[in-house]
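Here are the chains, one letter per residue:
Number of protein chains: 2
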Amino acid sequence: MERPPRLKPYGRPKGERRGLVLVYTGDGKGKSTAAFGLALRAHGRGLRVRVFQFIKHEGARFGEHRAFAQLGVPVEGLGDGFTWKSRDLERSRALAYAGWQRAKEALLSGAYDLLVLDEITYPIRYGWVPLGEVLEALKDRPPHVHVVLTGRGAPEALLELADTVTEMRKVKHAFDQGVPAQRGIEH
Amino acid sequence: MERPPRLKPYGRPKGERRGLVLVYTGDGKGKSTAAFGLALRAHGRGLRVRVFQFIKHEGARFGEHRAFAQLGVPVEGLGDGFTWKSRDLERSRALAYAGWQRAKEALLSGAYDLLVLDEITYPIRYGWVPLGEVLEALKDRPPHVHVVLTGRGAPEALLELADTVTEMRKVKHAFDQGVPAQRGIEH
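Line by line, the protein sequences are chains R and E.
Residue numbers 1 to 187, in the working numbering, belong to the letters of the first sequence in order.
Residue numbers 1 to 187, in the working numbering, belong to the letters of the second sequence in order.
Looking at chain R on its own, in the form it has when it is part of the complex (with noise of 0.2 Å):
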């Protein structure tokens, strides 16, 4: 048996005050879920969160979606979903490329205090947002701004600029035992 560590009670943070870097990665269940997680933490906190996500499309109604409207925190899908699916992939990149630049805005422009940039891993690696202009983004940031990124295979050079990285491991997936995504757990 363990013996139980010395907790100390959380208090007023002390020290520096500054905005974070934040990198869920990996193959694993919890990536989205756990930037959604501290976007409520946040919200709870008082603080202005906003979630771009660069996958689901405009008028996608996910649970978080319906439970973020209620706090009123505001999500904006910038993928296009059906059209992905019809592999217009020109339309695909302009579209994705465009929302960056809506999420560019918003982080340049100090309005919140913490923001979500949920699967932007993927448009990165086809090439359709620019690795070079996200990093210099973060960098020209206003310094109280939390950026949160998630998506599997984040690029190294994002993991390095990152303050906190925690790789999302695949041990076991439903999925991989026949078991069918659920409502309200999937999505």
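Hint data in this document are derived by calculation from the structure and do not stem from the laboratory.
Watch out, some of these pointers could steer you wrong.
Heads up, the list lumps identical chains together, so a pair's fine if it works in one copy or across two of them.
Stated by the list, open to error - Computed cross-link-like contacts, DMTMM-like style, restricted to lysine to aspartate or glutamate with a CA-CA straight-line distance of at most 25 Å: (1) K172 to E136; (2) K139 to E156; (3) K172 to E90; (4) K170 to E160; (5) K172 to E186.
Every value quoted in this text rests on a predicted model; they were computed, and no experiment measured them.
Using the hints provided, position chain E relative to the given structure of chain R.
Relative to chain R, chain E alone:
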């Protein structure tokens, strides 16, 4: 440059609908927030959600508590924060066990569609909550109930029973670079 995969739009769930056991473990950030994000999503889908926190004390008012209160999702701190600090381990043990009885009752009642047992691995590891009882309750629960369990060092038998397991692996953490905890991000 990578080619984007062929994505299918999300549809109504097909096939089996059943409650899942999900475990978020490992030493990285994002375990509890992933559970909260899942709770947010499930709530947005109209599922009945309840959150138990095995370390946070009853009066805790972190960001997540305030936001869940706004959503009308019940959150209960079952731990004893400050007493823990004072190392009154017998009281900690009694509190954890009593808290577990409450969680077990909620689990077996079928009155909720998703239960979060946040940081439950710690009282299990300290021997305050018997692992056998947790496994039994998970097996005996009504089939529609989803359960998310979080914390470092999840026991092997729990991983075996789980449908989905993610290890949150710490790649880097702001703390290690001397950046103190940020309000709204860490708590």
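Each hint, compared with the structure:
1. K172 to E136: between (36 Å within a copy, 21 Å between copies)
2. K139 to E156: within (16 Å within a copy, 42 Å between copies)
3. K172 to E90: neither (35 Å within a copy, 36 Å between copies)
4. K170 to E160: Both. Shortest intra-copy (23 Å) and inter-copy (14 Å) distances satisfy the 25 Å Cα cut-off.
5. K172 to E186: Only inside one copy: K172 and E186 sit 15 Å apart there, 27 Å across copies, limit 25 Å.
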